[in-house]
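Trainee: For reference, the chains in residue letters:
6 protein chains.
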Amino acid sequence: MTEFLRNGGRAAHQLRPVRITRGYTIHAEGSVLIEFGNTKVLCTASVEEKVPGHKKGSGEGWVTAEYGMLPRATHTRSDREAARGKQSGRTQEIQRLIGRSLRAVFDLKKLGERTIHLDCDVLQADGGTRTAAITGAFVAAQDAVNTLLASGKLSATPITQPVAAISVGIVGGTPLLDLEYTEDAACDTDMNVVMTGAGHFVEVQGTAEGVAFTRAEMDALLGLAEKGIVELMALQQQSLSKYELLPQME
Amino acid sequence: MTEFLRNGGRAAHQLRPVRITRGYTIHAEGSVLIEFGNTKVLCTASVEEKVPGHKKGSGEGWVTAEYGMLPRATHTRSDREAARGKQSGRTQEIQRLIGRSLRAVFDLKKLGERTIHLDCDVLQADGGTRTAAITGAFVAAQDAVNTLLASGKLSATPITQPVAAISVGIVGGTPLLDLEYTEDAACDTDMNVVMTGAGHFVEVQGTAEGVAFTRAEMDALLGLAEKGIVELMALQQQSLSKYELLPQME
Amino acid sequence: MTEFLRNGGRAAHQLRPVRITRGYTIHAEGSVLIEFGNTKVLCTASVEEKVPGHKKGSGEGWVTAEYGMLPRATHTRSDREAARGKQSGRTQEIQRLIGRSLRAVFDLKKLGERTIHLDCDVLQADGGTRTAAITGAFVAAQDAVNTLLASGKLSATPITQPVAAISVGIVGGTPLLDLEYTEDAACDTDMNVVMTGAGHFVEVQGTAEGVAFTRAEMDALLGLAEKGIVELMALQQQSLSKYELLPQME
Amino acid sequence: MTEFLRNGGRAAHQLRPVRITRGYTIHAEGSVLIEFGNTKVLCTASVEEKVPGHKKGSGEGWVTAEYGMLPRATHTRSDREAARGKQSGRTQEIQRLIGRSLRAVFDLKKLGERTIHLDCDVLQADGGTRTAAITGAFVAAQDAVNTLLASGKLSATPITQPVAAISVGIVGGTPLLDLEYTEDAACDTDMNVVMTGAGHFVEVQGTAEGVAFTRAEMDALLGLAEKGIVELMALQQQSLSKYELLPQME
Amino acid sequence: MTEFLRNGGRAAHQLRPVRITRGYTIHAEGSVLIEFGNTKVLCTASVEEKVPGHKKGSGEGWVTAEYGMLPRATHTRSDREAARGKQSGRTQEIQRLIGRSLRAVFDLKKLGERTIHLDCDVLQADGGTRTAAITGAFVAAQDAVNTLLASGKLSATPITQPVAAISVGIVGGTPLLDLEYTEDAACDTDMNVVMTGAGHFVEVQGTAEGVAFTRAEMDALLGLAEKGIVELMALQQQSLSKYELLPQME
Amino acid sequence: MTEFLRNGGRAAHQLRPVRITRGYTIHAEGSVLIEFGNTKVLCTASVEEKVPGHKKGSGEGWVTAEYGMLPRATHTRSDREAARGKQSGRTQEIQRLIGRSLRAVFDLKKLGERTIHLDCDVLQADGGTRTAAITGAFVAAQDAVNTLLASGKLSATPITQPVAAISVGIVGGTPLLDLEYTEDAACDTDMNVVMTGAGHFVEVQGTAEGVAFTRAEMDALLGLAEKGIVELMALQQQSLSKYELLPQME
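Protein chains in written order, with full-length UniProt numbering: chain A, 1 to 250; chain B, 1 to 250; chain C, 1 to 250; chain D, 1 to 250; chain E, 1 to 250; chain F, 1 to 250.
Just so you know, the hints here were simulated from the structure itself, not pulled from any lab data. Just so you know, these numbers come straight off a predicted model, no measurement behind them. Just so you know, nobody snuck in bad clues.
Quick list of in silico lysine-lysine cross-link-like pairs, DSS-like style, CA-CA up to 25 Å: (1) 56(D) / 153(D); (2) 50(B) / 55(D); (3) 86(B) / 86(F); (4) 86(B) / 86(A); (5) 56(B) / 50(F); (6) 153(C) / 109(C); (7) 110(C) / 55(C); (8) 55(E) / 86(F); (9) 56(B) / 153(B).
The task is simple: from the sequences and hints, build the whole structure.
Mentor: Here is the structure:
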């Protein structure tokens, strides 16, 4: 079992360069371009002063996500979902995952009867788009909450802690952190892990693409993921503190 | 942290009564009614002598699954998906999971250029429908393969090993095996685990519904799941040997 | 014109064995598995305490039906309508027929502003699915009404009389009662007849599949149908009286 | 039981004025405007030199129909089906009926591997649109066949006999021929009858809108329908002979 | 550059014979068959006493249009949009154009909170269907307004001036007025022009089908269009005054 | 009639700052971010080595476009078209316009039997998205053609000349070049003009939003548009020559 050689000499336990750009577009309450290497996802957070039917009159808010991929975000062009007239199963799976992950760190009662829509659109794909989307959506959601705090619509933050996500996988017997596309295509096991700032799991989704994986392999992957998520949260924090883009409530 | 009281005095690590009825309907190559307590899923396996586009000319076969729920399988009636004109995200997620799980134990080259369609239709729901579907679909797939072997269309089985699935979760601090509906609705963490006969993981999907879960909790849940799946595989084996419904190849 | 030989030595004017199982599933207010030989249809009746738009504020209730067939209920697998994204013309025709037939024996004013949804799902098909569905749906509707009476939501039954249905047809010159699939495929004329307990017609739908039919043939078919429906109503009555499943109002 | 008073002093057994205009539009191989009183349906027959999948390579042709209603053909505007994105159950039921009725008088083998599409579009509705459509579609189909004969694409007609249709119903106890809209809305029983030139039935579709109907009432309705259809066939014949629009084969 | 020879010896700057038939169908508040040579479009105006969501509570009304083509309005049959389940891009473009054109001559405040639906259905197509539709829809809208005035629902007309439309194009170097189908198919430039009674432009849509067009060509086309529209407005006026179909307010 | 004051002191006849970034994403054969002030559109050109049905066997290629807008590209979030299950009429109108505009400068015979897909996705909207899309799509198409030339798949360019587009409009009586959103919302007349490098028109689409426009106003707008397009073409040229991103054929 020789170690798999990664692009650019990346180590097995190393994240790709991560870049988080806040204020990437001007209209949304939160707008973040997140890059995991060549994967680029634009995450916007839009505040709407109403809730879907199942929350009406509950005093609680809602956080929901949609995911899309530009037709030529990928190596070969894929059909535009709007033109085909429906979202694929994969798209729906991913947007449900993003929504659940973000709701896990929101106190919906404190949000009040309003909705935060998180739109995660992949401009360029190279593996890990759903984990980049969750990690970037948290920053966008934080900016949207900051806007609500600054405008006095909220007096206390409904966000309980940070959330971030990373993919891990086993390629040629080696557990790798943050798979890029060629690794993802070659891997036997692919796992997406979502964790909170407290170091607990929100989602663990492991799939054997080739041979099934053992408990020991699973343990190794969870360890790698934990390491990566700690690093991502530091980057989220750094990004959110950087430019003081938005005035804060005291 | 007192132990949660389960219906019928069931222990935390105990499966509900499982019943596997082969030959439940007459037309399909494999037709299995599987019951996990009050959850009843009809799993049929249909053999089609052609493959979808992405497998044409590959010499390989395909195994795919569809999932549905009768409108009044549940406590309150839900809309019929055929009438609404689309399958929900949940439905698509589940049928993709069933398909991946079954393909994990198939050698598609040995199957030859044909498709096995697994239709899993929930007649009555009380939690765990997707895990019952995977467990039952394996038995139906085995019967369909037996038909192909008996007719001489296949000379060796393309099935490499059994596959089964179970849900586990944490309710009120207690890890429970095989959640029924009321437990599922109350749980903090819900995990679906799919394993092979060799004791390896095909899929692990853990979701924090309420508070996020720790690594220790995850370990406890995986242990419980492993125990349950070993028992399910014994029941699959027993069911497949019981009536010698179909002539076997030597 | 020699008499057509039927499966199992069935006489031309003979029904297949009919079995009506009440309480087949646990959640619905009425749940009936009806079997006409190898044809098996699960009919559930669900009570909803509201009415569709065109009945709002009218003081009247509504009775409506939906029909579906599991993909492998038939000899060869047919596409899942939910996956194709629409119900076929045949499905819509059948569910409209079931709805009209049941409404013919309901006093909608006495039902009050609530809806009874009848879901008829074919688990196994061998001809006559729509007539089995109507006959079984009546029993399910009766159980749902009994539930409403028992709970005090209704003080008098809105059901005015029983309704049942049967198919008849001419195969090789012989009028046959209750066609099974092979007979249906071979017949020149196919007629579905729906009648009330008073012996009157609710629906007569005759179709020449091959050569057109004469008035004399039509008369013969109507006579056969009448005979069959009288027998079906006796079986409905027997089934409803059997287990006293539900407490009755005096 | 006093006789129902009909518009314009029409007798119970009397058709509305029927007008059949051939060559109503210029592009179609057959184009007929048929009027039953205020009901106006444009029936076009289009020949296509290929067949649908289930007839490919069979040496047989196909005859199929589509039905539509202009949004303001009716008293109050109804939604445009193309805008809503689907055809109603009623529309599908009617177009299936028209297709079956026309196929009943076609020898598909003699038609050869080509399709005749019958488009029946209601310009103005006042009851009886489906029966007018069938009656007019036959004339359009005859013109299309004449075109094929004249061009030498066919050497013998595939049409075996005429087909026509009429509605009958019971209003206030009186059996009426050819219901107009207000009669249709008021009737207890509504029956559509399709017959061939030989006086045999192709379709009989009777529906109790209010109280169920007796065998005697059914007999009376069938008699009325037969009378009306004989008259319609005379009008079809007269129309087809009138202008010698198309050269005939000897 | 020799002058293109038009059917029937029509001059380059000459309209086809235009016929406007009011009261073509009986149910709609306005119903006009407009013919530009062989192009025949049925335009109905339906009044609905409510407005779409974006106008609710505004005190303003709405004018909207839908466009359709019967499947065999054209040389070869095209698919029925209702059967395909969606309107083509071309259809949507045209109906949006008709709607905008009519709204340009309506004072929506004076219309009050009601909607006028303009349905333009092409019975026979030979080029210029959208311009015929706009020209005919204006007459239908005027009739609908007259109905509202006559019934006292309106006390003053919300129509500010007439509107009409014509196509122009360059074929073989010659600017032509009112293109028929064969000209439209052969032309290099195709322009649809919508003008008001005051001689101003509501819409100008010029498209180079083959080679791009010069400013001088554009000027020539606009001049031709202006001439044609003046003639169309005289015909609209003549048609509206002709039979005094509807009582007028003084 | 005082001159309308534009943002940032922009003159009536002045373009917003235009930025064209080639190679914006890595997978597409051409990938261009074009900015007209705050309007940002990502235009990718994808080469596919096959053609749609209507071009099969013709020896000719095809150029087609799709257009989309990210949900929060706009001031308030709009529904995601993929989630709603269909593209709006506006979207279809725009993508048809882009496709026609680009085909106007392509010699499809020289392109050979392959398709160039132009995907224009609006990341941020502030008026003029369709004109930015056309202008940017040309640069992306040129890069895709350069790729085909460089790889030897084409030996001569199928592009006959440049194409670009701009919006013009009348706001408060003043003709303005390159409308931004607030101007577009306020304008009486809105015109989109597409021109070739030879200074000829490909498309002229003028719409009176408020009062209809005169011939003189139209002339003024066309003059402004021509000026703007000449400037845009200089910027296209400059961008394409800038980095010599792709090797050229001699």
